[in-house]
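Engineer: So you can see what is in the structure, the chains are spelled out below.
Number of protein chains: 2
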Amino acid sequence: MPKFMDIHHGMKGVTAEQLDDAHRADLAAEHDEGVHFEHAWADPETGTVFCLSEAPSAEAVRRVHRRAGHSVEEVHAVPLSV
Amino acid sequence: MPKFMDIHHGMKGVTAEQLDDAHRADLAAEHDEGVHFEHAWADPETGTVFCLSEAPSAEAVRRVHRRAGHSVEEVHAVPLSV
Numbered sequence: 000m001p002k003f004m005d006i007h008h009g010m011k012g013v014t015a016e017q018l019d020d021a022h023r024a025d026l027a028a029e030h031d032e033g034v035h036f037e038h039a040w041a042d043p044e045t046g047t048v049f050c051l052s053e054a055p056s057a058e059a060v061r062r063v064h065r066r067a068g069h070s071v072e073e074v075h076a077v078p079l080s081v
Numbered sequence: 000m001p002k003f004m005d006i007h008h009g010m011k012g013v014t015a016e017q018l019d020d021a022h023r024a025d026l027a028a029e030h031d032e033g034v035h036f037e038h039a040w041a042d043p044e045t046g047t048v049f050c051l052s053e054a055p056s057a058e059a060v061r062r063v064h065r066r067a068g069h070s071v072e073e074v075h076a077v078p079l080s081v
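These protein sequence lines map, in sequence, to chains F and X.
Residue 63 in numbering that gives the first Met the number 0 sits at position 64 of the first sequence, and the numbers go up by one each step.
Residue 64 in numbering that gives the first Met the number 0 sits at position 65 of the second sequence, and the numbers go up by one each step.
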């Protein structure tokens with residue numbers, strides 16, 4: 000399954016609890032789309048959140064985030080990893 | 000040890016072999032700085048590469064990448080993860 004890294008901006012001051020809640024909302028919304036959000040990392044200082052997922056398409060990633068209530072600014076297909 | 004996600008741009012068309020070589024160069028250069036590069040993901044279409052590391056500081060991450068021959072556009076401290 001293709002992997003994606005997506006980037007959210009505008010999350011300045013995000014807390015561990017908020018990141019956890021957002022990730023849980025993604026997990027609750029992902030099944031219909033065949034997406035799985037594996038990890039998320041947050042930089043509260045600049046308000047940047049990175050999510051790593053497996054998904055059939057970038058559009059599926061966007062739909063799950065939208066349904067979970069988060070806008071996402073960039074979705075990158077990352078077919079290469081090490 | 001703090002975690003960092005850094006972003007490289009301008010790597011359009013990057014191949015699996017080039018990503019591997021770049022990661023190996025980082026690993027060879029990281030020890031003096033107490034940095035460890037854990038993973039890297041590449042989007043050859045937009046030329047974006049993401050590196051996840053453990054490091055004492057963002058500046059240490061930049062120094063290792065510089066020594067390994069890669070410029071890095073953004074280094075984000077990511078104290079929160081899930």
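Check each hint, because a few of them may be wrong.
As the list claims (entries may be wrong) - Each pair of labels, with its calculated beta carbon distance range: (1) X:Gly12 / F:Thr14: 35 to 45 Å; (2) F:Gly9 / X:Gly68: 29 to 39 Å; (3) F:Gly9 / X:Glu72: 31 to 41 Å; (4) F:His30 / X:Asp31: 41 to 51 Å; (5) F:Glu72 / X:Gly12: 36 to 46 Å.
If you're looking for bench data, these hints aren't it; they were derived computationally from the structure.
As the structure is a prediction and not an experimental result, all values here were calculated from the model.
Ideal Cβ positions, reconstructed from N, Cα and C, are used throughout, including at glycine.
Engineer: Next, verify each hint and record whether it holds.
Structural biologist: Hint-by-hint comparison with the structure:
For Gly12 (chain X) and Thr14 (chain F), the hinted distance range of 35 to 45 Å is satisfied, since their beta carbons lie about 39 Å from each other. Checked against the hint of 29 to 39 Å, the C-beta distance between Gly9 (chain F) and Gly68 (chain X) comes to roughly 33 Å, which is consistent with it. Our hint of 31 to 41 Å for Gly9 (chain F) and Glu72 (chain X) is violated, since their Cβ atoms are close to 19 Å apart. Between His30 (chain F) and Asp31 (chain X) the Cβ separation comes to about 46 Å, which falls inside the hinted range of 41 to 51 Å.
Roughly 23 Å separates the CB atoms of Glu72 (chain F) and Gly12 (chain X), a value that falls outside the hinted 36 to 46 Å.
When the structure is compared with the earlier hints, violations turn up for hints 3 and 5 and for no others.
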